[in-house]
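Take the given structure of chain A and dock chains B, C and D to it, following the hints.
There are 4 protein chains.
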Amino acid sequence: MLPCDQEPKHHSLNTNDQNIAHVSDIEEIIQALRKFRDERDWVQFHNAKDLALALNIEAGELLETFLWKAPEQADVGSVKEELADVITFALLLADKYDLDVKQIVLEKMAKNAQKYPVEKSKGSAKKYTKL
Amino acid sequence: MLPCDQEPKHHSLNTNDQNIAHVSDIEEIIQALRKFRDERDWVQFHNAKDLALALNIEAGELLETFLWKAPEQADVGSVKEELADVITFALLLADKYDLDVKQIVLEKMAKNAQKYPVEKSKGSAKKYTKL
Amino acid sequence: MLPCDQEPKHHSLNTNDQNIAHVSDIEEIIQALRKFRDERDWVQFHNAKDLALALNIEAGELLETFLWKAPEQADVGSVKEELADVITFALLLADKYDLDVKQIVLEKMAKNAQKYPVEKSKGSAKKYTKL
Amino acid sequence: MLPCDQEPKHHSLNTNDQNIAHVSDIEEIIQALRKFRDERDWVQFHNAKDLALALNIEAGELLETFLWKAPEQADVGSVKEELADVITFALLLADKYDLDVKQIVLEKMAKNAQKYPVEKSKGSAKKYTKL
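Residue numbers (our numbering), protein chains in the order written: chain A, 1408 to 1538; chain B, 1408 to 1538; chain C, 1408 to 1538; chain D, 1408 to 1538.
Keep in mind that the hints were calculated from the coordinates and are not lab data. Bear in mind that the values here come from a model prediction, so they are computed numbers and not experimental data. Hints are not guaranteed to be accurate.
Dumping the calculated DSBU-like pairs for lysine-lysine here, alpha-carbon to alpha-carbon at most 30 Å [stated by the list, open to error]:
#1 C:1518 with A:1522
#2 C:1476 with D:1442
#3 B:1487 with A:1537
#4 A:1476 with A:1533
#5 B:1522 with D:1534
#6 A:1503 with B:1527
#7 B:1518 with D:1487
#8 C:1509 with D:1527
#9 C:1533 with A:1503
#10 C:1476 with A:1534
#11 B:1476 with C:1515
#12 A:1522 with C:1534
#13 D:1518 with B:1537
#14 D:1442 with B:1476
#15 D:1442 with B:1537
#16 A:1476 with B:1518
Chain A extracted, bound-state conformation:
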């Protein structure tokens, strides 16, 4: 774990809590993933494009757990493992670009809120281009 003063952006937002720095759970996972990667000297392979390939490959394996099945028939253990792989590469890619996962998801949601205003999109599965 990196000492807190090297990672100021991930401190707790709780300003009452001055003596204790919280590493967010996302940052904690990313740190574990970096460690795993670096022990194996794999950073050399982890260019952004191949990370995006890896993410797609794992997304395909996740999809396979649902193939020829009704949604509720998928094996949960397999979903769990394949989803873990997807998230692994998503976080490694976010880390590659030094993106703050919470921030980019919330920003995209704000953008989607404009594409999909509640009054137009409520109860509808249509794409925003067809609303």
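Chains B, C and D in isolation, oriented as in the chain A frame:
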């Protein structure tokens, strides 16, 4: 949204910090995603299988930001948005199965540590089946 | 093999050649795929949506042959097998909708020719929306 | 475009038909795709890895036509166009490696016939690893 004291698993692990319950970053994002979804009455469409489809579709859009390009030529703004979409559906799927994201990623990493022992996999991009 | 007079659309276009009906190679592959499927009683699983899932899963496996590699490092034997799987599901899906593969590809090419006029797109990898 | 007599492998197998060389449907589509590509000077971008990316991206767009829908609700016009794009990149990739599409599909089917013997797989959607 549930008050914090009903969500004990997401409390801070910091036991010195007794009065303040911390919702984890991941839980915070998931809560925002649920709110966005429920305002639009979209839970009816979000069966696990279609969430896995959506994740794959977004992964494909992320991949497109790298198409016909060297890794460093991808537009960072586009990567950011497409990655946000991927993470959105990954978290909605995790939430669907009530999975703890940190736990499943760390468990999968432990499993991968056995498939890819450091001494065999160091500096190698080979799949574990070929190590 | 179906008798020729039941499959008039796949006759040779060569009108000089009146006595010999040619089944196109695409039709020949599709007939073999149908036979394989029907011997196993699999048509019940092959709804269009799951065929599209299967195609994506196989496309992901094809992509894996290129992961962490330069394009020319992919194992050709693996590319061959995974590409065969992709084409299998593409043809089964075309067959599901009774689409004529040659026709739909040529029609899409005509449409792309308008999106990508030679004078604008020559030597450029830009998407038509950015030309 | 090569005249037919330079492409003997794609002649009709019909030996009664000595004077007329038939270019197979697949070869005809590939020739049209090559022409389209070369008019735009795009062969420089079409390395095998990026072709595999393009194929995955198009497969994702095809999948999107089924998102949040029952199989029969997909818009056929969209399926047609996205499937055409998938087949386009599948054929360009086959051409890149000089693979004979009919041959690789039939060879893979023969391999699958061993993984999925009729007596074990009839009426079952299980993966061969679970039969």
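Against the structure, the hints come out as follows:
no.	hint	verdict
1	C:1518 with A:1522	holds (28 Å)
2	C:1476 with D:1442	holds (29 Å)
3	B:1487 with A:1537	holds (24 Å)
4	A:1476 with A:1533	holds (24 Å)
5	B:1522 with D:1534	holds (22 Å)
6	A:1503 with B:1527	holds (25 Å)
7	B:1518 with D:1487	violated (42 Å)
8	C:1509 with D:1527	violated (35 Å)
9	C:1533 with A:1503	holds (25 Å)
10	C:1476 with A:1534	violated (36 Å)
11	B:1476 with C:1515	holds (24 Å)
12	A:1522 with C:1534	holds (22 Å)
13	D:1518 with B:1537	holds (21 Å)
14	D:1442 with B:1476	holds (23 Å)
15	D:1442 with B:1537	violated (40 Å)
16	A:1476 with B:1518	holds (27 Å)
Against the hints set out earlier in the document, violations occur for numbers 7, 8, 10, 15.
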